[in-house]
Each structure stands twice: as structure tokens, then as C-alpha cells.
Amino acid sequence: MERRVKLSQSPILSFKGITKRFPGVVALRGVDFDLYEGEVHVLVGANGAGKSTLVKILAGVYQPDEGEIFFNDKRAIIRNAEQARRMGISIVYQNFNLINKMDVGQNIFLNREPTVGKIVRRVDWSRIYRETSAILKRLHVHIDPKSLVGDLPVADHQMIEIAKALAMQSRILVLDEPTSSLSEQEIEDLFHRISSLREEGVAVLYISHRLEEIKRIGDRVTVLRDGEYVGSESIEKISLEKVIKMMLGREVEKIYPWKPRPVGEVVLSVEGLGSRGAFENVSFSLRKGEILGISGLVGARRTELALAIFGALPTHSGRLIYKGKAARFNNPGDAIAAGIGLLPEDKARYGMFPILSVAHNITSAGLSLLVRRFGLNPRLERNITEEYVRKLNVRTPSVKTEIQSLSGGNQQKIMLAKSLFTNSEVLIFDEPTKGIDVGAKEEIYNLMLELAGEGRGIIMISSEIPEVLGMSDRILVMKEGRITAEFDRENATQEKILEAAL
Amino acid sequence: MKLPVRIDWSKFGLPAAFFVMLIIFTVINPAFFSARNMIQTTRQGAILFLIVSGQTFALLARGIDLSQGSVMSLVSIATISSIYVLGAYAGSIAGILFGAMCGFINGMLIAFLGIPPILATLGMLFVVSGVELVYTGGVTLTNLSDIDQGRLFWFGGGMIGPVPVPVIFAIIIGFLLYYILKYTLFGRQIYLIGTNADASSLAGLPIKRVIVLVYTVSALLASLGAFFLTARLSMGFPQLGEAWLVLAIGGAVLGGTSVFGGKGGVWEALLGCLVIVFLDNGLIVSGVSTFAREAIIGVVIIVACLGSVIKRRV
Amino acid sequence: MKKKTAFLAGVLVICFALVFSLIGNTQVSAKQLEIAVLVPNGVDPYFTAKRYGYETECEKLGVKMLFYDAGGYANVNKQIGQLEDLMQRGIDGIILGATSAKGTVPVVDKIISKRIPLVIDNLDSFTKKPVLRIMKNGVLVGQLRAVYIVEHLKGKGTVLVLPGPSAVSLCQDEHRGFVTYAKHFPGIKVITEWTPSSPDAGMKTVEGILQAHPDLKAVACFSPPLTVGAVRAVQASGARKGDIIVVGQMLDAGMETLMRKGWLQATVMCDHIEMAREAVRMLVKEIKGELKPPLYHQIDHYLITKDTLDRFDRKGSTYPKEWRK
Ligand SMILES: Nc1ncnc2c1ncn2[C@@H]1O[C@H](COP(=O)(O)OP(=O)(O)OP(=O)(O)O)[C@@H](O)[C@H]1O
Ligand SMILES: [Mg+2]
Chain A
1 MERRVKLSQS
11 PILSFKGITK
21 RFPGVVALRG
31 VDFDLYEGEV
41 HVLVGANGAG
51 KSTLVKILAG
61 VYQPDEGEIF
71 FNDKRAIIRN
81 AEQARRMGIS
91 IVYQNFNLIN
101 KMDVGQNIFL
111 NREPTVGKIV
121 RRVDWSRIYR
131 ETSAILKRLH
141 VHIDPKSLVG
151 DLPVADHQMI
161 EIAKALAMQS
171 RILVLDEPTS
181 SLSEQEIEDL
191 FHRISSLREE
201 GVAVLYISHR
211 LEEIKRIGDR
221 VTVLRDGEYV
231 GSESIEKISL
241 EKVIKMMLGR
251 EVEKIYPWKP
261 RPVGEVVLSV
271 EGLGSRGAFE
281 NVSFSLRKGE
291 ILGISGLVGA
301 RRTELALAIF
311 GALPTHSGRL
321 IYKGKAARFN
331 NPGDAIAAGI
341 GLLPEDKARY
351 GMFPILSVAH
361 NITSAGLSLL
371 VRRFGLNPRL
381 ERNITEEYVR
391 KLNVRTPSVK
401 TEIQSLSGGN
411 QQKIMLAKSL
421 FTNSEVLIFD
431 EPTKGIDVGA
441 KEEIYNLMLE
451 LAGEGRGIIM
461 ISSEIPEVLG
471 MSDRILVMKE
481 GRITAEFDRE
491 NATQEKILEA
501 AL
Chain B
503 MKLPVRIDWS
513 KFGLPAAFFV
523 MLIIFTVINP
533 AFFSARNMIQ
543 TTRQGAILFL
553 IVSGQTFALL
563 ARGIDLSQGS
573 VMSLVSIATI
583 SSIYVLGAYA
593 GSIAGILFGA
603 MCGFINGMLI
613 AFLGIPPILA
623 TLGMLFVVSG
633 VELVYTGGVT
643 LTNLSDIDQG
653 RLFWFGGGMI
663 GPVPVPVIFA
673 IIIGFLLYYI
683 LKYTLFGRQI
693 YLIGTNADAS
703 SLAGLPIKRV
713 IVLVYTVSAL
723 LASLGAFFLT
733 ARLSMGFPQL
743 GEAWLVLAIG
753 GAVLGGTSVF
763 GGKGGVWEAL
773 LGCLVIVFLD
783 NGLIVSGVST
793 FAREAIIGVV
803 IIVACLGSVI
813 KRRV
Chain C
817 MKKKTAFLAG
827 VLVICFALVF
837 SLIGNTQVSA
847 KQLEIAVLVP
857 NGVDPYFTAK
867 RYGYETECEK
877 LGVKMLFYDA
887 GGYANVNKQI
897 GQLEDLMQRG
907 IDGIILGATS
917 AKGTVPVVDK
927 IISKRIPLVI
937 DNLDSFTKKP
947 VLRIMKNGVL
957 VGQLRAVYIV
967 EHLKGKGTVL
977 VLPGPSAVSL
987 CQDEHRGFVT
997 YAKHFPGIKV
1007 ITEWTPSSPD
1017 AGMKTVEGIL
1027 QAHPDLKAVA
1037 CFSPPLTVGA
1047 VRAVQASGAR
1057 KGDIIVVGQM
1067 LDAGMETLMR
1077 KGWLQATVMC
1087 DHIEMAREAV
1097 RMLVKEIKGE
1107 LKPPLYHQID
1117 HYLITKDTLD
1127 RFDRKGSTYP
1137 KEWRK
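Sequence order for the protein chains is A, B and C.
At position 438 of the first sequence (counting the first as 1) the number is 438 in the numbering used here, and the numbers step up by one without a gap.
If you want the numbering used here, it's the 1-based position in the second sequence plus 502.
If you want the numbering used here, it's the 1-based position in the third sequence plus 816.
If you are wondering where the hints come from, they were derived from the structure by calculation, not from laboratory data.
Watch out, some of these pointers could steer you wrong.
[Said to hold, decoys possible] Here are the in silico distance ranges between beta carbons for each label pair:
hint, chain 1, residue 1, chain 2, residue 2, range
1, B, Ile804, A, Val252, 52 to 60 angstroms
2, C, Lys970, B, Leu599, 51 to 59 angstroms
3, B, Pro618, A, Arg276, 22 to 30 angstroms
4, A, Glu480, B, Gly632, 49 to 57 angstroms
5, C, Gly906, A, Arg276, 40 to 48 angstroms
Bear in mind the structure is a predicted one, so any value in this text is a computation, not a measurement.
Here a beta-carbon is modelled for each residue, glycine too, at the ideal position from N, C-alpha and C.
Work the whole structure out from these sequences, hints included.
In C-alpha cells:
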């Protein structure tokens, strides 16, 4: 790929000394930053470094406390999202910004519906759906423009969010972690689109925790740490190790700290499980102390399998044997009581209580553990949750902070803490490291090893094949609702997994 | 997307505004701060507090209870009718239980048939008023025996030392509710379910049970309010609750309980109802005409609702 | 799930609609005269009593009666709908207590021009076409209260008037009657508080006013619930019986007790049940062509005090306990 950055011309957008404070945190501290036309500028930083805050300032959602923004060399104040859009800025948000009760077309054309008719201006629905299908087709996405967003899986939400941004004629395109739930093919299509936009002279600001993407798509990289600008570099001149060092202020020794460990007897076995319209005849077993990776493409029904085991999705055939006895979980409450924990894939919808505190979120699935003589014990709750916050290195002013004010990655960490809180013997992690920075990933992997070392069985569902390869003792591959392959750690390779998944 | 955090005026602003309001009314007419006026106003406040607290439970669970007013009317009639038969004490309990039962039915309709709260409780409103109409023919019920009347009146109009009886009850119930919301599983579950029902179900919470309980509590508290009011008036009035529903929702929202669920509590209920009751009383005592008074209270409630909506909007 | 919910909600709504339409309608029978009585607010005991009058008189005259309740003064449209339905199905005559004096004018005009005999009973509809009316004399009622209070205060003191809801024209008449009399006495200071007609509203208002005007000497109430509420407030204020004169409206069992015990000094009565009977008689005469509109018939009013409580003729204003609708 040819990369030409015309640094000689002046930037289309520059931030000068931007500072943004929230109660208890300084999200950005005097950040300088330039964006040029025709470049893909990658912004990296640990969870809570301030990347999304920067994006939201650009979007007019937040106003900076200090500093100035220059747009085409002119001082600009971006008051609201509408104004940002008029300036030609379009944004893919990290926490999607879609309305569940509307269909795909309505979402993509929200607030800028084309109209027909002279006297009575009506919304031109046929045009909306026509153009929506065209946009989706260009991205090789097969979604009916008339399906309700709320009925679609998260992976599709991300594609719709991207399609929405691409549907606008924009001069600046901002993508805040656009690929966290995309399949490899979708990522390929997206990068293709980004490249051609770059050729057309669009300035692209790209945020991701998947560092390998930096080299694939980026022209320049800027690193933020704890709200401070660390530096910018052109991609050719910098190594990934260097980027990580700049991000974390330390080196990551080993990305996947897997170690061999003793594995005990079978704790959970699934026999011929089937759920109508989702998966059929799934059988496998999980041992104590084992990490079982489940790989597959997005849409291979791994999430549904997890939900079915957890009692959140009805099954029509097969059975579970848990700790040597046939078990039937009619609802998640049963599963939790029996000692099964789930970290769901769609954490925003099925995990988070946005306006409640970090502490209340962590304890929500295991409230009875907090009951003492006089009911719920707040001191106990605070102590335990503070412990989790420390252990997972969550960046939050306190455990009383509303979870919605945390950065995306830190919210994910809280969700992980929530699934750990119930002290389960079997843990199902559905995409546990999505949106989490490299440093924190390392911590989470260590934690998983620690949990397995205590004799818990872990099922790790992940779309990142390197992660599955790096952390699992055994690997299952799913495709279209069936298990198509099983590998031991030693035998598994990326090629074999892909072959079974495709 | 998140909202910029702004100063939570409902936390500090409203109590401050409340005290300023007390001072202003006292300056306009010192009689406002007289012992007698405080006693009678807190007495009204105690009744409203119970009703607002009930509504707060429904709102916290991301629902609403539109049947509170008609349940109050029902309790008023049922209490007096039961007293005719059972005597003051047993009759009162029977009356209150009647009301709570309506809430239980509300809860069952919402939890098990999946009827949206606004429709289920609206339906209950019509059914209850209908039943009442058929039963009473609209006639007010009075003429209790002197003993019963005396016993009943004590609950609404009596005093313990310098404090009106309903106020004592309201304080005890208030602490109890505070404890329930903050320190019991049920209480916490209400907040969780009101904030995100999908996540609650995946967290294994007993959603249906909680919903049934929430509406039962809402109606029970409305019934208690109606009981104290009935006791105070010593009469069963078939339209007793009509005006109270608006105040119940308004008071809860004014205090800072969110109509979108998961936010609010007893403290907010207390604040909201104190502001309404003292504002109303202060305006009367200051000689403000009825129309202006209603308009002012209406505007205050609407502004509070707007505030609640804006705060929550993305 | 969503569909199921919507469906259930729909079924529920339809059930309610059915039940309520059944309450209103009864079966049509043969060749008897058939009239309809429409009241704005059936739960009001005033209308319960009147219904007794309508029913007994219809029975006596061998007329079949249909009874319609709008379910509250706010339900103007419901009442208009009821009237239109009646025109559709055909009816020999109508007695109307209007939900709204202005809002019902077009439909009432239509009824009159269709030559359906009509008697407006007490709650007026401001139609300009010729019609039979049987009305209370609101101004007189207000004046009677004023006369009693002024007399007993010897022309000096502060008086609170609770005229009920301000939108009801009868309440306005009563208020005007009170004020026009009281204004001749410079020593009398009148405070007006329009309130909904409920005991708690009455109590709350009187309690507040007692703070603002500790010198309050009398309260004039324009409905039974307001009267009871006012008495409760007076009792709680620590005043002795008679310190603050309360004059009420009509007389229900509770008020009678209060009067016997000395908390309620007087009340203004009318024979509203007799009035209902008279309305039926007027309508039947019009149907038979014996009476031609326009006619404006005003009924009498009288004051009851503790002294006359056991002596006055109750036939026109009470109904037997066994009779209940
Ligand atoms: N609305 C808010 N209220 C309070 N604090 C906030 C708010 N939004 C962000 N913050 C805080 O600002 C800091 C930066 O957050 P930001 O979302 O920009 O991080 P990020 O770099 O995007 O992280 P991630 O990789 O996890 O998405 C965090 O500590 C976060 O808790
Ligand atoms: Mg972010």
C-alpha cells in the first residue's frame, strides 16, 4: 500500500492545548494534535487515556475546558453534533449510537431524511431503503434495511454504525474502535473503503486497541497516556513495541502468558444440545482448571450456545451434565445459583446498568453474597468492589461513580468483574478482551490463568484467533451452529482453525 | 453516548430552594411559621409523602402507577364500610388491604401478562372507579358510631405530644422504606430492573416477583395515605383520590426521581412532597388566589419533569 | 412477546369499552313513552338523589326511562356522543343536565330543530332556541347564605366563601348572589377560594386561610363535601362550636350529625328530588303538546338550621335508604 502524507500543506484540523476535566478525573491535559487531509491517523492509548473524549469534543458532544480547535486554519467552536455534521465530520462511536426501536434505514438516515413533494414534504422512504441497501452492499453486509436494529446482533450494530457514517459526505471521518466486533472479512471491506476515502482526500482518525491494525491501515500514529499527548510518529518509523511502550510506559513481556497446569475431572458436559434456529447437536465437555477456547466467525452461534448453557435461551434437545448430575437451568438465576458465570457479548445491553454505580454493577448478579445480619452490607460491597477495581486496574474516581461515565474499556473491565463476583466454578467469557488495551489484556489473561489455577473451568469465546491460540488448552471451532473441529493446544494453528470455521 | 456531568441540582439545589421558600413565606406572613400551621401542613405532607413514596417505587422500576388515585378513593369507601361491620381497627386494616390487593393485581397483570404498566394501571383506574360507583352510588359514607369515629379520627387528626399521628407513622414508614430500598435485596433489585431489564434477567434477578411486589407496595402506600386522610375527615368520599394522582407523580419527579427508572428514592420523595405541600400552603397563607396557586404548582411540576427528561436525554 | 402484549392490551381495552357501553344502555321495549335522562356526573350524590326522583316519577306516569351518565364534567364529548346516539336511535324526549354550558350548544340546537322534546334540568346549556328549563336559583342560594351570615355576624367580620369549581355556572351564580348581598355591609370582608368539590380540598383551604386570617368568622360552602371539609378544619383549629359559623349546601347524613352537634350552623336546601319529578312532568307535557317552549321555571330554596332540622318537610329532598343504584 502506498502511503503519501502531504505534510507540507496545513492540517484540516488541529487541536491546541485541549484540556477536559470531569469530576474526579482529567480526561485530557493540554493535548495537541493535527489531522491532515488524505491521511489515516491512528490514535492509541490505554483504556481511559482520553481517546473517546477527544472524539466527543470533535463531535461537539463535550466542550473543552481549555484550548482551541482550528478547522482549516480558522478557530472553530463546535457547539453540538449538528454543527459537527455540517462541518463535514462524521463519527462512528465506540458505544454505538443507534436507536433500537427503529429499523436500519431509519437509523442510517436519522435526522437527515430525504423528502419528496413540494407543498407537503414527505419522507422519501423508498429512497431511504434504496440507498441503505446500496451502502450496505458496498460494505458487503447482508442486512435487511427494514429489520429492527434491536433485533440484530451487536456485530451488525457495528456495521450499521459504520454504514451510517459512510453514508454522509464527509471531510473528516472518525472511527472509534470500529472493528471490535467485526469479522475478518468485514474488517477487510472496511479497510478497503477507508483506503479509497483516503485517496479522495478524506481525513481519517482511527482508534483501535488491535495494534496490528496500525500497520495495516495507518499513515501516522499518535499516542495518548493518562490524558496527555505522548507523541506522534509516522508508521514506517515506529515499531509496535515502541507504540506499546509509549502507551503504557512499560513493556509487555509476553502477550499470552499461558502456562501448563494440572487439569481436573469434567465439571460440565454438554450432550447433543440444540436450540431451534440457532444451533444443533452440540457436544463437548469442560474440565476443572481448563481453558476451553471457542473460535469461529462472527455469527457462528457461539453467543447463542453460551446463552443456552446459561439458561437464557430455550433448548429443544440435548442435556447438560454439571458436576456429574444432569442439570436443567430454566433461567439465568438457576445457572448462577449452580455456580455458572457469564460475561455476555453485548455488554452494553445485557450487562450494564448505565446509571448505577460501579459497585452496584459488579455485585448485580450476586447480591445475596452481600447479605449480612442487617441486609445488604454496603461496607462489604465497597471493600469487595474496590478490590476488583484494583485488581483489574480500572480507571475510575471511585466505586460510587456511575459506570456510564467510565471509558469504554473500563466499562468492559467492570463487566468482567461482575461475572467474577459470583464466584462461579464455570465461567463463560464471551469476547472478554473486546475494547481492552494491550496492557489490560495481559492482566486479564493472567487473571484467567489464576482462575483456572484455582480449579475453575473457563469457556472463552473469542473472534480473535491469536487470542484463542494463545490462551486455550483446547479449542473448539463452530460454524453455522455446529461444532466443526476440536484441537489440542499443540495441534492448533491459525490455518486449521480458519479452515474449520469457513 | 454519555452526557457531560453537570451539577446535580436536585441534590443540593432543591433543599436550598426549599429553605429559601420557607423563609420567604415566613417574611410575607409570620403566621406561616406558626406551630399550628406547621402541624397542619406536615400532617398533609405526611399523607402526600406516603403516596409519593408508593409512586416512587413504581417509577424506580421503570413503571408508573396511574391507579393510585382511584385506589385511594376505594380505600376511603372500603374503610368506612368495613368499620360499619368490623369496628374501627379491623375495619381500617380491611380497607387498607383492599387497596393493596388492587396493587397486587396490577403487578400480576404487568409481570405475568406483560401488559405495559401505563395500560394495566389505567385499566385498574377504570375498574376501581366503576366498582366504587356501583357500590356507593356516589354517596359519601359518614355516621360512624361515636366510639369508632373517635378511634378512627385519632389516626388522622390525633396528636402524640406535639406531633400529629400521621407524621409519626410517615416517619416510621419512611425509615422502613429507606431501609428496604437501600439494604434489602428487593430494594436493590428494583433499581437494577428499572435501569436495565435485559441485563437484570441475565443477572438472574426474579423480575416478575419484584414487579408484583413493587405495585403492591405502591398501592399499599397509597392506601395508607388514603386511610389517614379518611380518618382525618372521618368520612368515606368516593372521589377522594382524584386530585392526588397528579401530585403523586409530580412530587416524585420534582424530588428528583427519574421517570426513566432506576434513579430516586425516599429522600427524593420526601423533598418533592415537602416542596409541594409547603408551597401550596405558603401560597394560601400569603393570600395568592386559587388560580395563580394551581398555575404555580403546575409550572413547578412541569419544570421538574422537563429537568428529569433533559438530564436523561442522550 | 411485543405482539402478545399489544394484543392483550387491545382485548382489555375492548372489554372495558363493552362493559361501559352496557352500563349505559338497556333494552328497548314496545309502544310505551321512552325518555332519556342525561346527567354530567352520576357519582355525585346530588344526581343519585335526582335519579330517584326521575325514576319514581317515570314509574308513576308509565314512562320508560334510559339513564346516561357522562362520568364527570370534563367528559363533554362523551355527553355529546350520547346525545347524538339518542338522535340516531330515536327517543320521545330528553332531560339534560349539561356537562358544559357552551360546549353542548350545537348538539342541543340540533335536538331542538329536530323537534325532540327537551327539558334542561338545572345544569344549563346556553342555547338560544326555545327550550324548557327547570333551574335552581343560584343567585338566591348565594344570597340566603349571605343573609344568614351577615345577620349572625351583625354586619362585621371576615367571611370565607368556598364556591366550588369555578367553571360551573351555577357556582358562579351562587357566588355572585353572595357577594352582591354582602357588599352592602362595609364591615364584612369576603375572601373567595375556588376549590374542587372535595372534603380534603375544603379542609386544606380552610386550614390555610385560618392562618392568613386568624380573625375568620364564617365559612360559606357550596357543596356537601366542601362543607364537611370546612367543619373538620374548624374543629382542628381549636375554635369552639359557633366561633366560626359554617353554612353549607344541602344536607346529607354526615352534615346532619354535624348540625345536631353544633358545628354546622345552617344549610341551604332545595327540593331537588321534587325538581326531578317536575322535570319529568314538564317533559311529558311537552311530548303531549300541553306545554310549549320556551319556559324558564325556577324552583324554591330555603334555609335549614338546627332549630328547623326536625320540622321541615323532607319529602322533596330525601329518598328511602333501601333505594340504591
Ligand atoms: N461523562 C463523563 N463523566 C466523567 N468522567 C468521564 C466521562 N467521560 C469520560 N470520563 C473519564 O475520562 C477518562 C477518559 O475517558 P475516554 O472515554 O476518553 O477514554 P478512552 O481513551 O476512550 O478509553 P477506552 O479505550 O477504554 O475507550 C476516563 O477516566 C473516564 O472515566
Ligand atoms: Mg473510548
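Evaluation of the provided hints:
Between isoleucine 804 of chain B and valine 252 of chain A, the C-beta spacing of about 56 angstroms keeps the proposed range 52 to 60 angstroms intact. In this structure the supplied range 51 to 59 angstroms holds for lysine 970 of chain C paired with leucine 599 of chain B, their Cβ-Cβ distance being about 52 angstroms. Distance hint check for proline 618 of chain B and arginine 276 of chain A: the Cβ-Cβ separation is about 28 angstroms, which falls inside the suggested range of 22 to 30 angstroms. Range check, glutamate 480 of chain A to glycine 632 of chain B: Cβ separation about 56 angstroms, and the 49 to 57 angstroms hint holds.
For the hinted restraint 40 to 48 angstroms between glycine 906 of chain C and arginine 276 of chain A, the CB-CB distance of approximately 59 angstroms leaves it violated.
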